[in-house]
Structures are given as C-alpha cells and as structure tokens.
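*Asks:* For reference, the chains in residue letters:
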Amino acid sequence: MTAVLHLRNVVKQYGDSRALDGVSLSLPDNSYISLLGPSGSGKTTLLRVIAGFEQPEAGEIRFQGARIDALPPHQRGIGFVFQNFALFPHLSVEQNIAFGLTNRAIDPVTDGEVVRRKVKDMIALVGLTGLEDRGVSQISGGQKQRVALARTLVTEPKMVLLDEPLGALDANLRTRMRSELRSIRERCGVTFLHVTGSETEALAMGDTVLVLDRARIAQQGDADTIYNRPSSPAVARFLNCYNLLPGQVSGESFVSSVGTLGLGGLRQTAANPTYAIRYDRVSIRAKDAALADGETGIDGTFIASEYTGSAVNAFFTLADGSIFEVEQHLSHAAPSTFEPQAAYRLAWKKEDALVYA
Amino acid sequence: MNANGIKLGLAFYTTLFLVFLYGPLVVLAILSFQTGPEGGPQFPIIEWSTYWYKHLFGLTPPSRIAPLPIEEGLVRSLVLAVMTMIVSTVLGVTSAQAFRTRFKGSGVVFYLIVLGMMVPGVLVGLGMALVANTLGIDRHWWGTTFVLHVVYTYPFAFLVMLAIFNRFDPSVEEAAWSLGVTPARTFRKITFPLIFPGVLSAMLFAFTLSYDEFSRTLFASGRDLTLPLAIYGTFSVEVHPNVFAFGVLTTLFSFALLGTYAVLMSLSVRRARRVLVQEDA
Numbered sequence: 000m001t002a003v004l005h006l007r008n009v010v011k012q013y014g015d016s017r018a019l020d021g022v023s024l025s026l027p028d029n030s031y032i033s034l035l036g037p038s039g040s041g042k043t044t045l046l047r048v049i050a051g052f053e054q055p056e057a058g059e060i061r062f063q064g065a066r067i068d069a070l071p072p073h074q075r076g077i078g079f080v081f082q083n084f085a086l087f088p089h090l091s092v093e094q095n096i097a098f099g100l101t102n103r104a105i106d107p108v109t110d111g112e113v114v115r116r117k118v119k120d121m122i123a124l125v126g127l128t129g130l131e132d133r134g135v136s137q138i139s140g141g142q143k144q145r146v147a148l149a150r151t152l153v154t155e156p157k158m159v160l161l162d163e164p165l166g167a168l169d170a171n172l173r174t175r176m177r178s179e180l181r182s183i184r185e186r187c188g189v190t191f192l193h194v195t196g197s198e199t200e201a202l203a204m205g206d207t208v209l210v211l212d213r214a215r216i217a218q219q220g221d222a223d224t225i226y227n228r229p230s231s232p233a234v235a236r237f238l239n240c241y242n243l244l245p246g247q248v249s250g251e252s253f254v255s256s257v258g259t260l261g262l263g264g265l266r267q268t269a270a271n272p273t274y275a276i277r278y279d280r281v282s283i284r285a286k287d288a289a290l291a292d293g294e295t296g297i298d299g300t301f302i303a304s305e306y307t308g309s310a311v312n313a314f315f316t317l318a319d320g321s322i323f324e325v326e327q328h329l330s331h332a333a334p335s336t337f338e339p340q341a342a343y344r345l346a347w348k349k350e351d352a353l354v355y356a
Numbered sequence: 000m001n002a003n004g005i006k007l008g009l010a011f012y013t014t015l016f017l018v019f020l021y022g023p024l025v026v027l028a029i030l031s032f033q034t035g036p037e038g039g040p041q042f043p044i045i046e047w048s049t050y051w052y053k054h055l056f057g058l059t060p061p062s063r064i065a066p067l068p069i070e071e072g073l074v075r076s077l078v079l080a081v082m083t084m085i086v087s088t089v090l091g092v093t094s095a096q097a098f099r100t101r102f103k104g105s106g107v108v109f110y111l112i113v114l115g116m117m118v119p120g121v122l123v124g125l126g127m128a129l130v131a132n133t134l135g136i137d138r139h140w141w142g143t144t145f146v147l148h149v150v151y152t153y154p155f156a157f158l159v160m161l162a163i164f165n166r167f168d169p170s171v172e173e174a175a176w177s178l179g180v181t182p183a184r185t186f187r188k189i190t191f192p193l194i195f196p197g198v199l200s201a202m203l204f205a206f207t208l209s210y211d212e213f214s215r216t217l218f219a220s221g222r223d224l225t226l227p228l229a230i231y232g233t234f235s236v237e238v239h240p241n242v243f244a245f246g247v248l249t250t251l252f253s254f255a256l257l258g259t260y261a262v263l264m265s266l267s268v269r270r271a272r273r274v275l276v277q278e279d280a
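Protein chains in written order, with numbering that gives the first Met the number 0: chain A, 0 to 356; chain B, 0 to 280.
Just to be clear, a hint being listed does not mean it is correct.
Between beta-carbon pairs, the in silico distance windows are [as the list claims (entries may be wrong)]:
hint, chain 1, residue 1, chain 2, residue 2, range
1, B, 114, A, 155, 46 to 56 Å
2, B, 77, A, 116, 44 to 54 Å
3, B, 165, A, 203, 51 to 61 Å
4, B, 165, A, 65, 34 to 44 Å
5, B, 165, A, 64, 35 to 45 Å
6, B, 165, A, 27, 51 to 61 Å
7, B, 93, A, 113, 30 to 40 Å
8, A, 172, B, 265, 50 to 60 Å
9, B, 93, A, 66, 28 to 38 Å
Simulated from the structure, these hints should not be mistaken for lab results. Note that the Cβ used here is the ideal one computed from N, Cα and C, for glycine as well.
Please work from the sequences and hints to get the whole structure.
*Replies:* Here you go:
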C-alpha cells in the first residue's frame with residue numbers, strides 16, 4: 000500500500016502552548032484512518048493544518064508526493080467535513096452538492112448536464128434521493144451529515160478529513176452512520192482521516208488508528224494492536240478499559256501503592272512505571288480466596304455496580320483510595336451480587352497485565 | 000407593588016414615551032393641513048385644506064409666500080445620500096472583513112474609524128472648511144461635503160458589518176475553500192449572500208444619516224445647499240405650514256424607504272429557505 004500523506008515534524012504553536020509538537024506520520028492510500036485523542040490533544044488542529052486552514056510554524060507536509068504546506072486550502076485537493084457540517088444555508092441540497100464542482104478554480108465542470116449527472120449519482124450514493132430541492136434547514140441531522148459528505152466526495156478528492164463527523168448526531172444514528180461511512184469510503188476508494196474523541200468509534204471505524212497525546216502521535220496501529228497493546232499508559236488511559244496502577248518494578252514483581260503485583264505479560268518502556276490490567280480480565284473472588292498458579296491480585300472494597308446491558312461494571316476502591324473497575328460480560332455468567340463496603344479479592348492472570356517501566 | 004401595578008406603571012411610561020416621540024410629528028402633520036395662504040403655523044386650525052401641499056408643487060395661485068426653494072436641494076441631497084451610501088457600505092463591508100483576522104495595529108485602526116461618528120459634526124465641518132480654504136479647494140456638496148458624509152456614515156456601516164461578521168460561521172467559507180473554490184469566489188458566492196441582510200442595514204444607515212445630515216454640511220457645502228440646509232434657510236424669514244407639509248412628505252418617503260428595506264430583507268431571508276431551481280443550470 001502506498002502512502003498518500005506524509006507529515007514530518009509538524010509544529011503548530013498558539014501563543015505559548017504547542018498544539019502540535021513535532022507530529023510525524025504517514026497515512027496509507029485507500030483506507031479508513033481514525034485519529035483518537037482526548038479533547039485538547041490537538042486533533043482538530045492537526046486536521047486544520049493538513050487542510051491548510053492553519054499554517055504550521057515548522058515541518059513538512061507531503062500529499063501525493065508533493066509538498067503542500069505552502070499552498071492555500073483551495074489548491075490542496077483535500078476534502079474536509081466539519082463537525083457542524085457547515086452547509087451553505089442559502090443553497091438547496093442539490094446546490095450544496097454541486098457547488099464545488101461548478102465553482103472550483105481547477106477544472107470546474109461547466110456542462111450543466113455533467114454536473115446534474117454527477118450530483119444525481121452522488122445523491123444516490125449517500126442515500127438522499129428525493130431531497131434534492133430541500134433547503135438545508137429542512138432536513139435532519141443525519142441527512143445534513145450526508146449532504147456534507149456528498150458535497151466533498153463529488154469533487155473527487157484523494158483524501159477526506161472528517162472532524163468528529165458523528166459528534167452532532169444522536170447515539171442511534173451515530174452507530175448507523177459508522178457503517179455507512181465505511182461503505183461509502185470503500186465505494187469511492189479515497190482515504191478518510193476521521194478525528195474522534197470516542198475510543199469505541201476510533202476502534203470500530205479505523206483500518207488504522209492513530210492516537211494523539213499531548214500534541215504528539217502516541218501510537219499508530221490497527222485497532223487490535225491499539226486495544227490489546229497500547230504503547231504507553233496514556234494511550235491505555237484513553238481507551239477507557241484499563242485499570243492503571245503506578246509503582247516501581249522490583250525484580251520479578253511490580254511494587255505499587257496498593258500491593259505487590261506479579262509480572263508476566265508484555266513489558267514496554269515508559270517514563271512513569273505503570274501497571275495496566277484490562278477491566279474484563281479481572282475476576283472477583285471472596286476475600287480470602289487463594290490465587291491460582293500464574294495469577295496475581297489485590298484487595299478492594301466494593302462500592303457500586305453499573306448495568307450496561309451486555310455487561311456489568313463493578314467499582315472497587317483500593318487501599319490508596321483509587322477506583323478499580325471490573326467488567327463482567329453477562330454472556331459468560333449470570334451477574335453475581337456483591338455486598339457494598341465489603342472486601343473482595345480481585346485476581347487476574349499475570350500474563351494479561353501490561354507493564355510499562 | 001403587585002404585578003398589575005407594575006403593568007399599569009409600565010403602560011403609563013410607554014404611553015408618555017410614545018407621546019414625546021411622536022407628538023411633535025403629529026402636531027406638524029395636523030398643522031400642515033391649515034388653510035392658506037393666510038393660515039399660520041399655529042392652532043387653531045382655521046379650516047382644513049390641502050393648500051400647503053398644492054403650494055409645495057406650485058399649484059396655487061401666486062401669493063406673497065414664496066414657494067420653498069427646495070427642489071434642487073432635494074435632488075442634491077438624494078444624489079449625495081446615494082453616493083455616500085455606496086461608498087460607505089463598500090468601505091464598511093471590506094474593512095469589517097479585514098477585521099475578521101487580527102492584524103498589527105487593528106486596535107488603533109478601529110478607533111480611528113469609529114472616531115468619525117464620535118467627533119462633533121460642527122467641529123469637523125468647520126475644520127473641513129478651514130482646510131479647504133487653506134489648500135484652495137472649492138467647497139461643494141459633491142466634494143468636501145461628500146467626504147465628510149462618508150467619514151460620518153462609514154463607522155456606522157462598519158459597526159453593523161462587524162456585528163454581522165461576529166455571528167458569521169467561518170467554517171462555511173473553509174468548507175468552500177476545501178472544495179477547491181478560490182477565496183474571492185467564495186466571498187462572492189457564499190459570504191456575500193449570507194451577509195446581505197447586514198449589507199442592507201448598513202446601506203439604510205448610511206443613506207438616512209447622510210440624507211438629513213446638517214451640522215457637517217453647514218460649513219462644508221459651499222454655495223449649493225442640500226435639503227436640510229435649504230429648509231433651515233427658510234426658517235430665518237418666516238415659518239409657513241408649507242415646511243410642515245414638506246416634512247410630512249419626506250416622512251412618507253422615509254417610510255417608503257423602510258418598506259423597501261423590509262421587502263428586500265424578507266425576500267433575501269425567504270430566498271435562503273425557498274426551494275430553488277439550479278442556479279447555474
């Protein structure tokens with residue numbers, strides 16, 4: 000697979016704070032890439048720099064082999080879908096979609112017949128048939144999303160940047176649009192770079208997932224790698240499915256403030272030694288239950304549990320007061336009930352733990 | 000005080016407010032129907048008539064009261080107001096557009112522009128007259144006065160447009176750029192249609208402010224008088240109800256202007272909603 004977009008050492012500064020601190024990345028052609036980051040991590044800035052709406056202070060951006068960081072947005076050939084859709088409010092659905100084709104500086108389509116045909120095809124592709132003449136204030140959120148997408152795709156960019164495109168939709172619609180977006184992308188054969196703050200969205204949609212942390216790329220990989228082997232405690236934290244315990248490695252064990260834990264799983268280097276164990280890899284035992292071979296564990300006091308439908312999340316406090324979360328899938332076992340304020344043993348296999356030291 | 004009392008108090012206050020606001024106008028309007036040519040600008044109404052309206056248009060038999068010397072002034076004032084409106088609106092739109100991005104010295108420039116509506120008109124008018132004399136420039140309504148009218152009305156147009164751009168969502172422009180459309184074409188096709196209601200307001204401001212501008216014009220206009228000056232000139236001799244009749248007519252004209260504005264505004268708002276056929280087909 001060839002790379003379509005290269006960033007090298009891109010720096011963007013706002014006053015004293017760095018929104019992008021030397022971002023380097025390389026994105027494959029014809030794929031769905033999701034960019035995950037907490038709010039304030041610089042993900043929107045990164046997209047705006049790639050699109051040309053913001054000028055980076057340093058670094059190099061190459062798109063299809065050519066440097067584009069000095070080009071104005073309209074000469075870059077990169078599409079952009081806004082979180083608020085940014086539809087042209089004075090134009091109809093059809094006019095919105097045709098706007099780029101007829102008005103672009105490079106190779107505008109002047110033949111009305113061609114425009115009509117292309118717009119018609121695109122309207123069919125995104126499923127808006129019948130709404131051509133509607134004003135954009137007369138359609139629903141999901142339909143606006145499709146217009147925004149169609150308006151961009153009809154100009155046939157090689158790459159489309161999507162800034163939290165599902166953020167303005169309700170939960171139901173969001174899940175439906177996920178698969179829609181993926182299939183639309185496959186049919187058009189372009190690269191989508193989808194920015195999101197939702198880890199489930201990032202993992203579900205991206206062929207490749209990028210994780211942005213404190214203005215830098217923290218990890219790049221497929222969803223499985225990111226989820227099972229986050230490369231740093233910070234990445235593990237965004238995934239929102241790991242208990243993180245700070246401490247020190249000492250010989251064959253990890254000494255944390257809540258007890259000494261056995262080592263065994265993947266070890267990676269990190270500045271702040273951290274022990275990570277996934278919510279759903281922990282089992283809850285009686286207080287004095289013995290640990291099996293290859294297991295390790297700590298004691299925790301049960302506080303409350305939360306029923307999510309397919310699973311139950313149980314929350315415990317540890318000796319140092321921090322919260323420890325355990326996820327029990329209901330397909331595996333009937334939910335057990337726990338006594339509030341009672342102590343339990345939380346156990347897991349050593350090999351399931353991720354250690355950063 | 001109970002809620003009813005407050006309501007009553009507010010109603011009374013509002014009534015007083017309206018009386019003070021429109022009272023003088025109503026009095027003028029009533030007096031304009033005084034009989035002529037012997038009836039004067041005071042109550043009681045001797046006899047209701049439209050004599051002074053006819054007098055305005057020279058439809059009455061000659062009498063000792065000279066017709067109002069306003070015909071040329073009216074034309075001058077209208078032409079001047081249109082010129083001012085065009086220039087001020089263009090300046091206001093373009094400079095408000097410039098202020099959307101921070102630039103060096105934008106604070107100073109802002110206050111320099113706004114200064115034009117702050118400084119007392121008499122001072123500016125007198126200053127312009129002195130400068131024109133010193134430099135040997137003839138004073139004309141289409142020259143020195145025109146410049147002063149622009150200096151005066153431009154800040155209004157500028158502030159109106161600044162407020163409009165403040166609420167303008169720049170992402171629609173970025174969306175257009177990302178589709179490959181140049182900034183210039185984006186402004187014409189996207190930005191301008193969206194800010195058009197604001198542009199109309201700016202035009203209305205500039206036109207009406209210039210049309211009845213007096214103090215700046217007084218010193219800067221030279222020999223040929225604009226309408227407000229011409230009317231003022233008639234006061235120095237003797238006031239007849241023909242001035243009132245004229246006042247009623249100009250008020251009606253202003254209402255017509257506002258009506259046009261309202262129609263254009265609602266059209267442009269409706270155009271945004273209306274189902275349209277393909278413009279470029």
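*Asks:* If you test the structure against every hint from before, which numbers come out violated?
*Replies:* 3, 6, 8
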